[in-house]
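Q: Next come the chains, spelled out residue by residue.
Number of protein chains: 2
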Amino acid sequence: MESVITLDYGSGGGKTASLIEQKILPALGNPVLNQLTDGAVIDGFDRLVFSTDSFVVWPCFFPGGDIGKLSVCGTVNDICVSGGKPAYLSLGMILEEGFPAESLERILESIHRMAEETGVSVVTGDTKVVEKGKGDGIYINTSGIGQLVCPGLTPAAIRPGDRILVSGPVGDHGIAVMLSRYSELLQGDVRSDCAPLHRLCSALYPLGEKLRVMRDPTRGGLATTLCEFMDASPCDAVLDEGAVPVSPAVSAACDLLGLDPLYAACEGRLLAVVAPDAAEEALSRMRSLPEGEQAAVIGEIGTDHPGKVLMRTSVGGTRVITRLSGAQLPRIC
Amino acid sequence: MESVITLDYGSGGGKTASLIEQKILPALGNPVLNQLTDGAVIDGFDRLVFSTDSFVVWPCFFPGGDIGKLSVCGTVNDICVSGGKPAYLSLGMILEEGFPAESLERILESIHRMAEETGVSVVTGDTKVVEKGKGDGIYINTSGIGQLVCPGLTPAAIRPGDRILVSGPVGDHGIAVMLSRYSELLQGDVRSDCAPLHRLCSALYPLGEKLRVMRDPTRGGLATTLCEFMDASPCDAVLDEGAVPVSPAVSAACDLLGLDPLYAACEGRLLAVVAPDAAEEALSRMRSLPEGEQAAVIGEIGTDHPGKVLMRTSVGGTRVITRLSGAQLPRIC
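First to last, the protein sequences are chains Y and L.
Following my numbering, the numbering of the first sequence begins with 1 at its first residue and continues without gaps.
Following my numbering, the numbering of the second sequence begins with 1 at its first residue and continues without gaps.
The hints are simulated quantities; they were obtained by calculation from the structure and are not laboratory data.
Keep in mind that the hints are not guaranteed to be accurate.
A pair holds if it fits inside one copy or across any two, identical chains being indistinguishable in the list.
What the hints assert, rightly or not - 20 Å max Cα-Cα, derived DMTMM-like pairs, lysine to aspartate or glutamate:
1. 134 with 293
2. 132 with 97
3. 308 with 240
4. 23 with 228
5. 85 with 97
6. 23 with 189
7. 132 with 304
8. 132 with 109
9. 23 with 97
10. 210 with 189
11. 210 with 277
12. 134 with 184
13. 23 with 277
14. 134 with 97
15. 85 with 46
16. 134 with 281
Construct the complete structure from the given sequences, taking the supplied hints into account.
A: Structure, rendered in structure tokens:
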């Protein structure tokens with residue numbers, strides 16, 4: 001293989017085959033993918049969870065992760081928060097002419113590592129190459145299939161009195177990517193929280209109906225996800241500002257940049273709403289895992305302002321949290 | 001909505017929601033997709049076929065189709081030739097800042113029409129927007145799930161004496177896209193063959209074990225697909241040059257451009273290998289459908305040159321057909 005990706009590698013011909021044989025299969029090979037058929041045949045499930053996500057994060061390597069890790073975690077997490085046990089992934093890559101083969105290798109290695117950690121197999125894939133200037137290094141789509149193991153998770157299950165929990169500090173991913181874009185100008189020791197949520201979700205499934213809904217607050221952050229939960233709800237969500245975990249480094253960077261950590265993307269945090277009498281158990285289940293050590297109850301479901309998300313500030317006031325209207329940080333995932 | 005796509009539409013916030021509500025749901029809504037959950041929950045199957053494809057065709061509108069039609073047909077066809085009955089699709093879009101909303105609407109309408117025709121539902125999706133100059137209008141990934149209804153289709157099932165069939169003239173898609181790129185310089189009345197293959201495949205499934213393998217010869221065309229079939233095979237494939245259907249317009253354009261129609265992509269043609277005593281029935285089943293009217297037996301499986309694809313020319317000679325090594329036509333799909 002040549003050292004940079006050329007258009008030929010997207011041709012579907014010999015160069016594509018060499019890319020598959022020399023790069024993709026060594027990194028990701030498994031009995032289903034190795035067949036290189038157009039469609040993977042896999043054993044079925046009773047009820048499926050099916051999810052897709054495209055990843056255009058820039059830069060594609062950032063402190064704490066890269067687009068490969070992100071593209072597995074993103075889809076795996078979508079399946080997990082939907083109550084599914086992820087099993088199979090597809091991988092569609094759009095490479096820009098000139099992309100270093102060495103970078104591709106590192107990204108595929110990340111995909112491999114994360115697939116192993118989360119117990120999923122990449123069973124089908126596709127690679128296209130576009131001319132220099134018609135892409136930005138690498139874009140990835142992953143779609144995933146999982147067995148539904150925890151049905152009924154939906155914002156419609158939320159009831160007054162429910163507690164809102166988050167598994168750790170928010171905004172790290174968004175701020176880490178932001179800082180890495182402008183590393184000549186800005187310095188800050190923030191690493192992305194990019195991580196799989198399969199263990200945290202599995203720890204909460206046994207709560208049954210007391211587990212109302214879960215989500216990974218990616219684009220738009222915690223605030224936007226909560227606003228989505230409250231859309232058309234007869235309830236409101238009241239956050240306690242002092243309880244929302246934000247790391248000092250993220251907080252400092254946000255102050256400097258005029259950003260709000262509530263809107264900055266997380267890629268490895270779990271937002272969950274649970275029944276009041278399950279909050280303690282949910283918290284201790286989350287905290288029993290390393291990735292949930294800093295889990296916290298951050299708010300409560302009320303009824304005073306149907307459809308709204310409110311923040312009780314540390315000085316005793318209340319403000320309304322609205323949905324992000326534009327792009328705070330474009331291409332964050 | 002604004003008249004062009006801006007970065008804000010990829011933010012995951014309010015603009016993304018308005019894009020979904022005003023453009024995507026009106027075009028593609030169905031009970032599963034309308035839930036707008038991260039993962040679609042769907043009823044399961046015994047055995048699944050799972051496939052993915054990214055589409056970067058340029059230009060995204062071409063005679064006979066557009067990237068939307070192509071992105072449904074491409075994945076549906078991959079499932080069908082794998083022996084599956086396609087049921088569910090995911091849709092991941094990467095839009096370039098500045099892409100006209102009207103074009104997006106037309107593309108979504110194509111997706112809708114083609115999904116209806118093929119009986120599939122788009123059940124989950126994702127949209128990202130990249131800065132101007134970091135994409136090329138629109139890139140689409142579709143992944144699909146189907147129930148396996150015709151197991152065992154594989155090049156390994158090919159036996160000496162088997163017949164090679166194609167459902168219609170080859171190369172139309174590749175040449176149509178090529179001509180549309182250079183329409184100021186070149187004129188030619190060639191339309192893409194972009195079409196779904198679900199009916200043709202269903203018509204052949206009843207042949208059972210006598211149906212060895214099927215494929216839609218996209219990137220790299222008929223020649224490359226046959227070379228893939230013969231990889232590591234103890235047999236050879238011998239094509240009869242005079243029998244391969246090529247339309248006069250495609251033939252003329254190829255002569256002019258120095259291209260070989262055997263390597264030009266098809267997006268609505270079926271290549272099938274069947275047992276010798278099933279060839280007549282396969283041919284009449286294909287011809288009974290409008291999309292198979294011009295089906296033909298184009299060659300035979302032999303044993304003289306294991307692993308090779310050969311062409312018996314109209315003047316009585318024989319030449320070896322090799323796999324496409326570079327990109328004959330980049331970004332054809």
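Q: For every hint, state whether the structure bears it out.
A: So, going through the hints one by one against the coordinates:
1. 134 with 293: neither (43 Å within a copy, 39 Å between copies)
2. 132 with 97: both (5 Å within a copy, 17 Å between copies)
3. 308 with 240: Within one copy only: 14 Å inside, 70 Å across.
4. 23 with 228: The answer is between: 19 Å across copies meets 20 Å, while 40 Å in one copy does not.
5. 85 with 97: neither (36 Å within a copy, 35 Å between copies)
6. 23 with 189: Neither: 33 Å inside a chain and 40 Å across chains, both beyond 20 Å.
7. 132 with 304: neither (54 Å within a copy, 44 Å between copies)
8. 132 with 109: Cα proximity of residue 132 and residue 109: none, with 24 Å in one copy and 30 Å across.
9. 23 with 97: within (16 Å within a copy, 32 Å between copies)
10. 210 with 189: Result: close neither inside a copy nor across copies, 38 Å intra and 63 Å inter.
11. 210 with 277: Classified as within; 8 Å inside a copy, 62 Å across copies.
12. 134 with 184: Neither: 26 Å inside a chain and 22 Å across chains, both beyond 20 Å.
13. 23 with 277: Neither: 51 Å inside a chain and 42 Å across chains, both beyond 20 Å.
14. 134 with 97: Answer is both: 9 Å inside a copy and 12 Å across each meet the 20 Å cutoff.
15. 85 with 46: For residue 85 and residue 46, the Cα distance is within 20 Å both inside one copy (12 Å) and across copies (17 Å).
16. 134 with 281: neither (50 Å within a copy, 47 Å between copies)
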